[in-house]
Every structure is written in C-alpha cells, then in structure tokens.
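Colleague: Between the sequences and the hints, there should be enough to build the whole structure, so can you do that?
What follows is the residue order along each chain.
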Amino acid sequence: GAGVSQSPSNKVTEKGKDVELRCDPISGHTALYWYRQRLGQGLEFLIYFQGNSAPDKSGLPSDRFSAERTGGSVSTLTIQRTQQEDSAVYLCASSFSAGSLFFGSGTQLSVL
Amino acid sequence: DQQVKQNSPSLSVQEGRISILNCDYTNSMFDYFLWYKKYPAEGPTFLISISSIKDKNEDGRFTVFLNKSAKHLSLHIVPSQPGDSAVYFCAASRAEGNKLVFGAGTILRVKS
Chain A
1 GAGVSQSPSN
11 KVTEKGKDVE
21 LRCDPISGHT
31 ALYWYRQRLG
41 QGLEFLIYFQ
51 GNSAPDKSGL
61 PSDRFSAERT
71 GGSVSTLTIQ
81 RTQQEDSAVY
91 LCASSFSAGS
101 LFFGSGTQLS
111 VL
Chain B
1 DQQVKQNSPS
11 LSVQEGRISI
21 LNCDYTNSMF
31 DYFLWYKKYP
41 AEGPTFLISI
51 SSIKDKNEDG
61 RFTVFLNKSA
71 KHLSLHIVPS
81 QPGDSAVYFC
91 AASRAEGNKL
101 VFGAGTILRV
111 KS
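Sequence lines, in order, name chains A and B. The first sequence begins at 1 in this note's numbering and counts up by one. The second sequence begins at 1 in this note's numbering and counts up by one.
Derived from the structure by calculation, the hints contain no laboratory data. Hints are not guaranteed to be accurate.
Straight-line distance between alpha carbons at most 25 Å, and here's what the computed DSS-like set of lysine-lysine pairs gives [as the list claims (entries may be wrong)]:
hint, chain 1, residue 1, chain 2, residue 2
1, B, Lys5, B, Lys54
2, B, Lys68, A, Lys57
3, B, Lys68, B, Lys99
4, A, Lys57, B, Lys5
5, B, Lys71, B, Lys99
6, B, Lys5, B, Lys99
Modeller: As structure tokens, then:
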C-alpha cells in the first residue's frame with residue numbers, strides 16, 4: 001500500500017490477556033517507530049527501529065511490552081498481561097533514515 | 001519530565017485570521033523541530049519543519065518560527081481556514097531522522 005498500515009484498527013481485550021498489534025511500514029522506509037497516545041495526552045515514544053541497528057527500547061513502559069521487526073519491514077508490538085492503563089491509541093510510523101515520519105491510523109486498544 | 005510543552009490545550013480563531021500555536025522545549029540538545037497535524041481517527045501528518053540553523057521556515061500559509069535562546073517555537077497559519085481545525089503537535093529531535101519527542105497537542109478550532 002501507499003501508506004503505513006496498522007491492524008487491527010480497534011481491539012477490545014480483557015485485563016490480563018496478551019495482545020499483538022501489527023504495523024506494515026511504507027516500502028523502503030528504514031526507520032520504524034511505535035508511539036502511543038492515551039486519552040487527552042500527547043504522543044508517547046515507545047520504541048524505534050533503524051535498519052539493522054539494535055532498537056531503541058527506552059520508551060517501553062514495562063517488561064510487559066515488546067516489539068520486533070521482521071526482515072526490516074513488518075513490526076509487531078506485543079503487550080502481555082494487559083492492564084487498564086494500557087488502553088490507548090497505538091501509532092506506528094515509518095521514515096527514510098533521515099526524514100519526516102509517516103504515521104498509520106493507529107490501533108485503538110481498550111482493556112476492560 | 002516533559003521535554004516538549006504545548007501549554008495551550010485549545011485555541012479558537014475566526015476564519016481568515018491568524019492562528020498562532022506555541023511550543024516550548026527544555027532540552028538544549030534538540031536541533032530539529034516539526035509540527036504535525038492530526039484529524040480524529042487518523043494518524044498525525046507532517047506539516048512543516050525547521051532545523052536549528054534557521055529561525056524561520058515558510059510553506060504557503062504555514063510559517064514556523066524558532067527562538068533558540070528562548071527554547072520556543074511557534075506555528076503561524078494565515079489566513080486560517082475551517083479545514084485547519086485539528087490537533088496540532090509540536091515535536092523535536094536531537095537530529096533529523098532521530099526519534100521525535102512530542103508535545104501534548106493543541107486543539108485548533110477555526111470558526112467560519
């Protein structure tokens with residue numbers, strides 16, 4: 001596709017369950033980012049992949065959060081044992097090595 | 001610790017007038033600044049950027065001003081149009097292409 005694609009667009013889960021969020025970046029973009037936006041707040045950096053370098057995981061809020069990027073393309077963000085405070089819009093973005101970020105539409109995660 | 005601050009949660013402007021959105025930052029290592037625009041249920045889209053070697057960058061109706069000594073930047077939209085109504089995020093990074101730190105956003109409403 002022409003843009004960053006995220007799936008699912010909406011996810012409702014029960015507290016304690018694991019969830020996986022997927023991001024398909026723009027073809028050829030070497031950098032991939034995950035951010036989240038809680039209700040009424042700004043965009044919170046989670047993790048950053050750049051080419052073959054080790055990812056910058058400095059924004060992950062706890063060890064329940066992990067992400068991987070396979071083959072330098074698709075990325076999956078996994079949240080284990082979800083908590084209500086994990087409810088947010090999770091946004092993925094990609095870019096060339098030095099350039100503006102292009103965001104997907106996000107996954108709205110609701111933890112009941 | 002909020003490194004990028006947008007102190008006005010919302011702004012209301014009459015169509016045709018100037019909209020001025022403000023942003024302050026605390027990290028003196030930031031040298032690349034961007035503005036993103038977000039409509040409901042969509043991801044943020046890049047609007048305009050400025051590097052620290054400049055104090056002004058203009059693109060059509062949008063102008064970004066940077067005051068490094070004050071660690072302050074602003075986005076001017078003139079003339080404002082109803083379609084400009086959105087959430088505007090200020091973002092900063094230590095280098096172009098590096099991870100972005102976002103502010104909390106300002107909701108702009110342009111009244112016709």
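Colleague: Against this structure, judge whether each hint is valid.
Modeller: We went through each hint and held it up to the structure:
{"no.": "1", "hint": "B:Lys5 / B:Lys54", "in the structure": "21 Å, holds"}
{"no.": "2", "hint": "B:Lys68 / A:Lys57", "in the structure": "29 Å, violated"}
{"no.": "3", "hint": "B:Lys68 / B:Lys99", "in the structure": "20 Å, holds"}
{"no.": "4", "hint": "A:Lys57 / B:Lys5", "in the structure": "23 Å, holds"}
{"no.": "5", "hint": "B:Lys71 / B:Lys99", "in the structure": "19 Å, holds"}
{"no.": "6", "hint": "B:Lys5 / B:Lys99", "in the structure": "17 Å, holds"}
Violated hint: 2 only; the structure is consistent with all others.
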